[in-house]
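2 protein chains.
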Amino acid sequence: MRPETVRRIEEAIGQLGYRPSLTARHLKTGFVPMIGLLVPSVANPSHGAMARAVEVAAEERGLQVVLGNSLRDPQRERRYAAEFLDLGIRGIIVSSSPFDLGHFADLVRRGLILVAFDLGATLEGVDLPVDSVSVDNRKAGYLATKHLIDLGHRRIGYVSGVTATVSRRERHRGYEDALREAQIPLDPSLVSSSPAAFGFDDTNAAEHGRVAAKQLLTQDDRPSAIAGFNDMHALGACAAARDLGLVVPRDVSIVGIDDIILGTLVDPPLTTVHQPMDALGKAAVDLLSARFAEESGAPRHIILDPHLVVRASASAPGRRTWVASS
Amino acid sequence: MRPETVRRIEEAIGQLGYRPSLTARHLKTGFVPMIGLLVPSVANPSHGAMARAVEVAAEERGLQVVLGNSLRDPQRERRYAAEFLDLGIRGIIVSSSPFDLGHFADLVRRGLILVAFDLGATLEGVDLPVDSVSVDNRKAGYLATKHLIDLGHRRIGYVSGVTATVSRRERHRGYEDALREAQIPLDPSLVSSSPAAFGFDDTNAAEHGRVAAKQLLTQDDRPSAIAGFNDMHALGACAAARDLGLVVPRDVSIVGIDDIILGTLVDPPLTTVHQPMDALGKAAVDLLSARFAEESGAPRHIILDPHLVVRASASAPGRRTWVASS
DNA sequence: AGCCGTTGGTAGAACGATATAGTAGAACGA
DNA sequence: TCGTTCTACTATATCGTTCTACCAACGGCT
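Going down the list, the protein sequences come from chains G and E. Using the working numbering, the final residue of the first sequence is 326, and nothing's skipped along the way. Using the working numbering, the final residue of the second sequence is 1326, and nothing's skipped along the way.
Bear in mind the hints are in silico, worked out from the structure with no lab data behind them. In this text the structure is predicted, and so the values were computed from the model without any measurement. C-beta atoms are modelled at their ideal positions from N, C-alpha and C, and glycine is treated no differently. One thing to keep in mind: the hints can contain errors.
Residues from chain E that face chain G, not an exhaustive set, calculated with beta carbons under 10 Å [said to hold, decoys possible]:
| id | residue |
| --- | --- |
| 1 | ALA1024 |
| 2 | VAL1032 |
| 3 | HIS1047 |
| 4 | GLU1207 |
| 5 | LEU1244 |
| 6 | VAL1248 |
| 7 | LEU1265 |
All chains should be modelled from the sequences, with the hints used to inform the complete structure.
Listed below in structure tokens is the structure:
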């Protein structure tokens, strides 16, 4: 068009206050500029940070983010995904990290595009064509544990929630890798997860860590250090230590994984393994966008590197001077 | 219809895998089962909790929640609201609590329904027809401060961020009310907010509190207690105390407002004023739904009561034994 | 004069639902 | 038998776009 014509049109748009109806546009084109985001619970700070990262990346691409709290319940997850699909939302990011993505199978067949957040490469075997984005969870678990070993710890506990997630398994494997490498025998009594009765709602992840850590710290030969499945669990472990009159890191060293903002605020500041959340969020949205542009292609898995962030919750083990009461 | 016919129809639905296109439905009916949620940043745990509460309430009503992080920037806020409106989303919940809602004016005229979260009754004067939901912020500030006074404190500081929000003003007024009631003179040097250069991104609220509290705690006649604008600020204040070698609550008592989960995890557990977040979220969604049903009616303002939650971050003032270094 | 490309403008079908109207047959009571 | 109501079904317009096709006007070219 001639520049002059463009100007005239824009003038008319301005005068009439015309705004195109996206709804009508969607009906015609089939494309909706929204993506779904399924997290266990945004009330959990680490998922909040994740939601924020995804939103930043989505905004850059002109996509709105529709939020769903799955509470790690496959039924809820499926229902949300189905509703998203009904709304015309074709791409969703799922961060609940379950082993089995089967509950999405028929939706994927109906055109749903899935990007798993935090699922790692372990999806390879599954026959669902699902892209994924993740930090190298095994390495994260390894780095956390290795740090404790390097500080001189030998009895190192591991706390997590109950939920059977890929990331949990991978991080735990990293923990075992590090112990094996240092030729420290694996001791099942040092690995504790919160009781199943606790439920799977991630809103209370820290409470899970607290309960699990308490169990570890009250046994006879208690560990001198604890690696947490994530920062919330580690923070819970710190709370458990306090509950028992133990001082961190003097009596117990604790490391987390994720590097949430909170870790810098608590006392002592939490030593942790950094997860590049912004980059992960961006990668997830990028994968989705790529699928919007062209459907086909083998599943892609983006795995980013974690790195250790040393703060003050872990130090060399002190001499055992007394045993925690209760 | 006859039951038999219903069955036949449902069978056909099942066989064909028919799902009604909500997009098409919207085009015809004009109604979209989604609401917008604008928070400063979900990465901030208190907004995360709020988003979760809203989502729970929305889910009950079959509404999806579309998320926007405003970063307290009116421009961003407006842009999000406009985009929501283009998507057909008519109702949004805004929780940035600015004094001036003017940037939404034309959108409201175009049909946008606004519910202000955390704005209190102070909206009454404004000519925008906006419902609101809020805890009684003045009372919250009062309760926090009153608790410190009851414990015996006389020099009580107040820390907050820079942003000029209604809730900030109200809580600060509550702080002043309590002091006046106890006939303690107001001392401006005891009120500190983070420097404006810090930006308004609530993601770092705790850091704001830390900076502001540090300023308070390093002055000559430092306060024996600090009330935080919210829990994140209070947590930041705790961190500042630690930075200076002060022990909470022995050397400084600290109370927050909000009652976020985190408050129970830190050491010492945070004494705070509870904000009934679930009820607030539900009230906000209820107001929106009511407007969907019938447009008209004077603005309604729902104000819920806060209450004190005593934990361990505040105690009677000890004797001043030493002065913080640096 | 006839042909071409550029530009502006018009017209109609389609997307998938809702809304309204209308038809036809069955069932019912008077 | 007639009129009424219930039920099942059909038909058409509409929401506000996008897409495709087509037409008209204009200048420059052969």
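Flag every earlier hint the structure violates by its number, smallest first. The structure conflicts with hint 5 only, although it agrees with all the remaining ones.
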